[in-house]
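*Asks:* These are the residues of each chain, in order.
Protein chains: 2
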Amino acid sequence: MEAEKKQIRYDVAIIGAGPAGLGAAIYAARGGLKTVIFEKGFVGGQIVLTAEVENYPGFEEPVSGYHIVEKIKKQVQRFNAEIKMEEVSAISPEGLCKIIETDENTYRAKTVIYCAGAYPRKLAVPGEQKFTGRGVSYCATCDGALYKGRIVAVVGGGDSAVEEAIFLTTFAKKVYLIHRRDDLRAVHAIQDKALKNNKIEIIWNSVVQEIEGDNAIRNLILYNKKTEQNSSLAVDGLFVYIGIIPNNYLVESRIDLDENGFVLTDDNRQTNIPGFYAAGDIIKKVLRQVVTAVSDGATAAFSAEKWIRDHSDQFPE
Amino acid sequence: MEAEKKQIRYDVAIIGAGPAGLGAAIYAARGGLKTVIFEKGFVGGQIVLTAEVENYPGFEEPVSGYHIVEKIKKQVQRFNAEIKMEEVSAISPEGLCKIIETDENTYRAKTVIYCAGAYPRKLAVPGEQKFTGRGVSYCATCDGALYKGRIVAVVGGGDSAVEEAIFLTTFAKKVYLIHRRDDLRAVHAIQDKALKNNKIEIIWNSVVQEIEGDNAIRNLILYNKKTEQNSSLAVDGLFVYIGIIPNNYLVESRIDLDENGFVLTDDNRQTNIPGFYAAGDIIKKVLRQVVTAVSDGATAAFSAEKWIRDHSDQFPE
Numbered sequence: 044m045e046a047e048k049k050q051i052r053y054d055v056a057i058i059g060a061g062p063a064g065l066g067a068a069i070y071a072a073r074g075g076l077k078t079v080i081f082e083k084g085f086v087g088g089q090i091v092l093t094a095e096v097e098n099y100p101g102f103e104e105p106v107s108g109y110h111i112v113e114k115i116k117k118q119v120q121r122f123n124a125e126i127k128m129e130e131v132s133a134i135s136p137e138g139l140c141k142i143i144e145t146d147e148n149t150y151r152a153k154t155v156i157y158c159a160g161a162y163p164r165k166l167a168v169p170g171e172q173k174f175t176g177r178g179v180s181y182c183a184t185c186d187g188a189l190y191k192g193r194i195v196a197v198v199g200g201g202d203s204a205v206e207e208a209i210f211l212t213t214f215a216k217k218v219y220l221i222h223r224r225d226d227l228r229a230v231h232a233i234q235d236k237a238l239k240n241n242k243i244e245i246i247w248n249s250v251v252q253e254i255e256g257d258n259a260i261r262n263l264i265l266y267n268k269k270t271e272q273n274s275s276l277a278v279d280g281l282f283v284y285i286g287i288i289p290n291n292y293l294v295e296s297r298i299d300l301d302e303n304g305f306v307l308t309d310d311n312r313q314t315n316i317p318g319f320y321a322a323g324d325i326i327k328k329v330l331r332q333v334v335t336a337v338s339d340g341a342t343a344a345f346s347a348e349k350w351i352r353d354h355s356d357q358f359p360e
Numbered sequence: 044m045e046a047e048k049k050q051i052r053y054d055v056a057i058i059g060a061g062p063a064g065l066g067a068a069i070y071a072a073r074g075g076l077k078t079v080i081f082e083k084g085f086v087g088g089q090i091v092l093t094a095e096v097e098n099y100p101g102f103e104e105p106v107s108g109y110h111i112v113e114k115i116k117k118q119v120q121r122f123n124a125e126i127k128m129e130e131v132s133a134i135s136p137e138g139l140c141k142i143i144e145t146d147e148n149t150y151r152a153k154t155v156i157y158c159a160g161a162y163p164r165k166l167a168v169p170g171e172q173k174f175t176g177r178g179v180s181y182c183a184t185c186d187g188a189l190y191k192g193r194i195v196a197v198v199g200g201g202d203s204a205v206e207e208a209i210f211l212t213t214f215a216k217k218v219y220l221i222h223r224r225d226d227l228r229a230v231h232a233i234q235d236k237a238l239k240n241n242k243i244e245i246i247w248n249s250v251v252q253e254i255e256g257d258n259a260i261r262n263l264i265l266y267n268k269k270t271e272q273n274s275s276l277a278v279d280g281l282f283v284y285i286g287i288i289p290n291n292y293l294v295e296s297r298i299d300l301d302e303n304g305f306v307l308t309d310d311n312r313q314t315n316i317p318g319f320y321a322a323g324d325i326i327k328k329v330l331r332q333v334v335t336a337v338s339d340g341a342t343a344a345f346s347a348e349k350w351i352r353d354h355s356d357q358f359p360e
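Protein sequences, first through last, are from chains B and R.
Residues 44 to 360, numbered by the numbering used here, are exactly what the first sequence covers, in order.
Residues 44 to 360, numbered by the numbering used here, are exactly what the second sequence covers, in order.
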């Protein structure tokens, strides 16, 4: 059966059709490279789950993540990049080339741009899915400004959770920080700031058990692990900061990662393997946003084009 | 008179209202920072000179640079960032703060994001200005794809000129490389590729003396410095690659620059001075495009917000 699978050759194979992958495809295809994007789920990545994006530069009014991504997708198609709805199961080197195996075929590409993304760890409680994008958020930079003068809660106890709780006091009149233990994991300097901030109230030893509401969030049902009691907390929004998980399983054996599993890249967005790039939420970076993802993708594609040109003598025809 | 000047305090002062400065302003102002942008010329930067942009992600049809920038500018205004049409004459430290002097006032800011841009060195010949954006280009990544099957010329002899000449052979049927000397400055490996490429013809010892045309470029008038003869060369486009000049004069005494005068930044887009950031074409980077500029700006603003929060105890009220 293996022999029946074809080997189709591309200049660049992009893994993942989120903003990074689509941004890469625009620059790669427009730069004259034969370009394919592989996507196992849906085109657009995490941002399509967001009802209102107001900080992607170029859209003066708030629009849905889906709207932005649809426009970028049409742009990709205009430059004749292929989008294949196939799940990649393995990527392996073959000389300077890379072999990409999917559930349907085998492909050979001169370069790979890995844009498989990352996702926030979920609470996995009733109401979370229903209210995602309508009160439940995993990104204070994205959604904090929507809570001016309102009451929000943050779940978590690490640096990110505590920092975002402090950041949210810029907008919200009250920020509850819900933590399952009786001390924070965040570094001391950050803890101090949170403890001194009179808008922040820490709710210790507690977990969110359920999220209640109608069109929007109204209440959290909390469970106190010490007292073993339930209680209800009225909030307008809930920010979940209990970790972000990179989709690195296709590359973790070969590509250098940081201690949290994010892909390490240089300024060209190249990984430790020549001709193998990464972009978007999957990489170690300062700010995970649509605009930084498409920018990473553009840089990776530009670098890939140059790398192919520099090695043009060494590829088999 | 000096005493009459007011000191007005901002969280962040952005120098330059191109895509990087506007991108920074969206993220800074939306992040709750009191934000001002200083601009000495016109809002939008170099990109407003471009008639057709087809690779900024989110615009499925080609649009003018002006159109994109107008949309981003409205977004900036929605978040109440101020745009002041004042020319900055000096930036100096005062403890953790930065003092910004303009022709009209003196301002104090906790952070600066320097987005003063860069500009391509011009040929300074008749026709250049008239045909800029209509056949004369300074960016093959931006405009190369517009010359499918056509004839273009590149001016220059360094790495960029020769690399872009090779890149342009992806689209153009013929690429003339016009160089004023009888050997190229580009590194050998790149030269070799150009010399072997049968779409590239090098015109040695020659300079462009005039650009002729009607609605579009038709001819270049060349002057051969050896033979002292003029000649005419029919082309559809001219790519000028004779250097890019960073607008670094306000920072060159204090900020670390690379050997070409571009500002060095870390992954947070911070310079060697804490709380002093830079973004866009002014920084050392792989790819100078609108999308990478707005992304840099967003990252710088995000970093500035965090830096102010981390140092909140240390600023005078």
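Worth flagging that the hints you see were computed from the coordinates, not collected in a lab.
Errors might be hidden in some of the hints.
Identical chains share a label here; the pair holds if one copy fits it or two copies do between them.
Stated by the list, open to error - Each computed SDA-like pair below joins lysine to any residue, with the alpha-carbon atoms no more than 20 Å apart: (1) K77 to N148; (2) K191 to R121; (3) K191 to L293; (4) K239 to R352; (5) K114 to Q357; (6) K217 to A94; (7) K349 to R331; (8) K328 to L238; (9) K217 to T145; (10) K216 to S355; (11) K349 to I243; (12) K328 to N290.
Everything numeric in this text was worked out from a predicted model, so none of it was measured.
*Asks:* Indicate, hint by hint, whether the structure satisfies it.
*Replies:* For each hint, the structure was consulted:
1. K77 to N148: Answer is within; shortest intra-copy Cα gap is 17 Å, inter-copy 54 Å.
2. K191 to R121: between (40 Å within a copy, 15 Å between copies)
3. K191 to L293: The answer is neither: 41 Å in one copy and 37 Å across copies each exceed 20 Å.
4. K239 to R352: between (57 Å within a copy, 13 Å between copies)
5. K114 to Q357: neither (37 Å within a copy, 45 Å between copies)
6. K217 to A94: Neither. Shortest intra-copy (24 Å) and inter-copy (48 Å) distances fail the 20 Å Cα cut-off.
7. K349 to R331: between (26 Å within a copy, 15 Å between copies)
8. K328 to L238: neither (28 Å within a copy, 40 Å between copies)
9. K217 to T145: Classified as neither; 49 Å inside a copy, 39 Å across copies.
10. K216 to S355: Classified as between: cross-chain Cα gap 19 Å, same-chain 59 Å, threshold 20 Å.
11. K349 to I243: Close across copies (17 Å), not inside one copy (50 Å); limit 20 Å.
12. K328 to N290: within (15 Å within a copy, 27 Å between copies)
Of the numbered hints listed earlier, those contradicted by the structure are 3, 5, 6, 8 and 9.
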